[in-house]
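With chain A fixed as given, assemble chain B onto it according to the hints.
Below, each chain spelled out in residue letters.
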Amino acid sequence: MKSIGTVGFNPAEINLLVKQLKIVSAKINAGWQYIGETSDADLVFSKNRIPTSGSTKLVLVGDADAESGELVVESPIRLMQLTDVLENNSEGVNSGALFLSNLFSSRNFQNSSITIDSNRVFFFPNQKKVGGNFPNFESLINVLHNADLNNAKLDSNDVPTDPSSLSVVEHSKRAMWHLAKLEKDFANARYSPQYKYKLSNWPRVTRWDKDMSLTRLASVFTRHALDIKTAATACRVSVEQVKLFLHCCEASGASVRTDDTLHLKQTTVANNQHDEKSLGWLKKRIRKMLNYDN
Amino acid sequence: MTIKIIFIGPMGAGKTTAIRAISDVEPVTTEAKNTDRKTSDKATTTVAMEYGEVKLDGDDATLALYGIPGQKQFEYIWPIVTKGALGAVLLLDTSKPDWIEQQQYFLEKFSPLVDAGSLVIGLNRAYDEDRIYDEMTVLSQRSGVVTPFFFADPRDKVQVYELLNTLVINAELNQTILESDSVILGE
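Top to bottom, those sequences are chains A and B. For the first sequence, the working numbering begins at 1 and goes up steadily by one. For the second sequence, the working numbering begins at 295 and goes up steadily by one.
Calculated directly from the structure, the hints in this document are not laboratory data. Cβ atoms here follow ideal geometry from the backbone N, Cα and C, with glycine treated the same way. The reader is advised that the hints may include incorrect statements.
Said to hold, decoys possible - Derived pair list, reagent style DSS-like, types lysine-lysine, alpha-carbon separation capped at 30 Å: (1) B:377 to A:288; (2) B:390 to A:128; (3) A:284 to B:298; (4) B:451 to A:181; (5) B:451 to A:283; (6) B:298 to A:210.
Unchecked claim - Chain B stretches covered by chain A per the calculated footprint, using a threshold of three residues with CB under 8 Å from any CB of chain A: (7) 423-435; (8) 441-449; (9) 454-465.
Isolated chain B, as found in the complex:
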């Protein structure tokens, strides 16, 4: 049995790093030389997708981790990769001046996951957490949609697991809501 989680976000946000941090196997990557050094000053970038795995207790249970490229020219594969996923982790580099626009963009593109509570945001390089927390609060209140977010260093295994934890919790809550008549959804 396989559970799938996808890592999304703009180039350089830390998707590959996050998968590497928790994968039990050496991730399969599709890196190539980065020719867009203006957007991100990385030597290489993911050009198709990458794959990592976490073996769960029980021999045939696997957590499959898919990192999808963040460039817009790869938008067409996003729905294909997203299908059947437990949820998505959206990683953002908050040191970039356009991180809010990037967030809005990805939340719109993955809105079915947002609406289902199957998306969590990881905020990387948050050097001023108070300011960023306030900005996220304003965004939530303006849009009326609250997406869980955490300050997360994708190199840190524990912090990446914290993001996954929220997806699992929401999956369970969705199951509870489906099964229970007493939980009221809106009006």
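If we strip away everything but chain A, and leave its shape as in the complex, we get:
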């Protein structure tokens, strides 16, 4: 997670920046976190020119006299300017899965392919398929994972009309789910301990992954807006697993809402206290039947 600091901002300006950051974070494939009034951050917005150290990038805000090469934005900061600044300083934190997800959501996206080290991967947006001539699904995903998809060139020539003619063809959302699973660094950077998250729709979890913790995470995030640490405790998984889950959900089309002021109808908790032993036996039976990983 890259950090943003401010110098010389009043509480109202900080509040506005934090709100803008939530909107921008949802749009761009990068994770940024506001850490407070400090010049010790990856990116610092300041009303005045201040000394910075190391790799800190200074962005002057307002009427400061900019020197050649310095970044300057208006005051109050405009959303588009903030988006530009963050996008231009987000090298190293990209997600191929989110990139593909955005492509497939685009109305203009046509059947096309990209070539990665002489391997061609084909996209069929109308049929929601991804495919290619690979030994298996895993090798297709690995090729996508190792490519710089954000800078890849799409080619609409010589795309087969029938995806089933390819040796590997998969539902695009399944491909994005499994591609996102490999993007642990991105997931760790993108999801912040400061915010609460909630899923607005049920993800197709067990279709693509046999892991009981996924159903737990889906259940808890569809019912509550939770911060990552609380979700990890409730579901008995690590913080990293929670972040990766949210990333996979987002990449495969489940809507992840970010808001620290999410208002929910007060959730009713069932008053039925079920016998723990019997519940345990039922769980054991279910796990045996489903042959789950955990």
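Showing chain B alone in chain A's frame:
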């Protein structure tokens, strides 16, 4: 000790089939000739309720499965059967044109279970999963309530157990929430 799970849904959705798929004993049924062939082209239909059982490890632990008739004239028994249940599995036949209306109807009638996270939806005969998934997504986003759902063939034991798994997980999460001060429910 008995854990109770109820199977609900419109006529012909697969409740009886789902119970049969997992019951360790021959289910006790109350079938009669189906005189409403317009609603469902089945020869017979459940007219009271049916009962199946799964023996759990430990001699005195049982999972009791109740299938309740889906016709509206039996609404009066639903609260009676639901009492003390771990949760409900709502089965829907998505090949029927009114499956969404049926879903809304049952979610409203069983709203306490929905609110408590004690209801899971099994979508049967989902020939176009993408379209149905998108429709379910729109319904969730419109209502603001997300009910877990799975594409499930009630004849398949494993898929029925997947539905039960979600009920168990939610029961455990409810227990965690009751016991823990650190989990925040809404605002």
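These are the hints, each one checked on the structure:
Distance check on the hinted pair: residue 377 of chain B and residue 288 of chain A sit about 28 Å apart at the alpha-carbon level, within 30 Å; holds. Of the supplied pair hints, the one linking residue 390 of chain B and residue 128 of chain A holds, its CA atoms being roughly 25 Å apart against a limit of 30 Å. Simply put, residue 284 of chain A and residue 298 of chain B have alpha-carbon atoms about 16 Å apart, close enough for the 30 Å limit, and the pair holds. For the hint pairing residue 451 of chain B with residue 181 of chain A, the CA-to-CA distance comes to about 29 Å; that is within 30 Å, so the pair holds.
Note on residue 451 of chain B and residue 283 of chain A: the hinted pairing holds, with a Cα-Cα distance of about 15 Å set against a maximum of 30 Å. Annotation: proposed proximity of residue 298 of chain B to residue 210 of chain A holds, straight-line Cα distance about 26 Å (limit 30 Å). Under a criterion of three residues with beta carbons nearer than 8 Å to beta carbons of chain A, the stated coverage of the stretch 423-435 of chain B is upheld, 6 such residues being counted. With a cut-off of 8 Å between beta carbons, the stretch 441-449 of chain B has 5 residues touching chain A; three or more are needed, and the interface restraint holds.
Using a Cβ-Cβ cut-off of 8 Å, 9 residues of the stretch 454-465 of chain B lie near chain A, which meets the minimum of three, so the contact claim holds.
No hint from the list above goes unmet by this structure.
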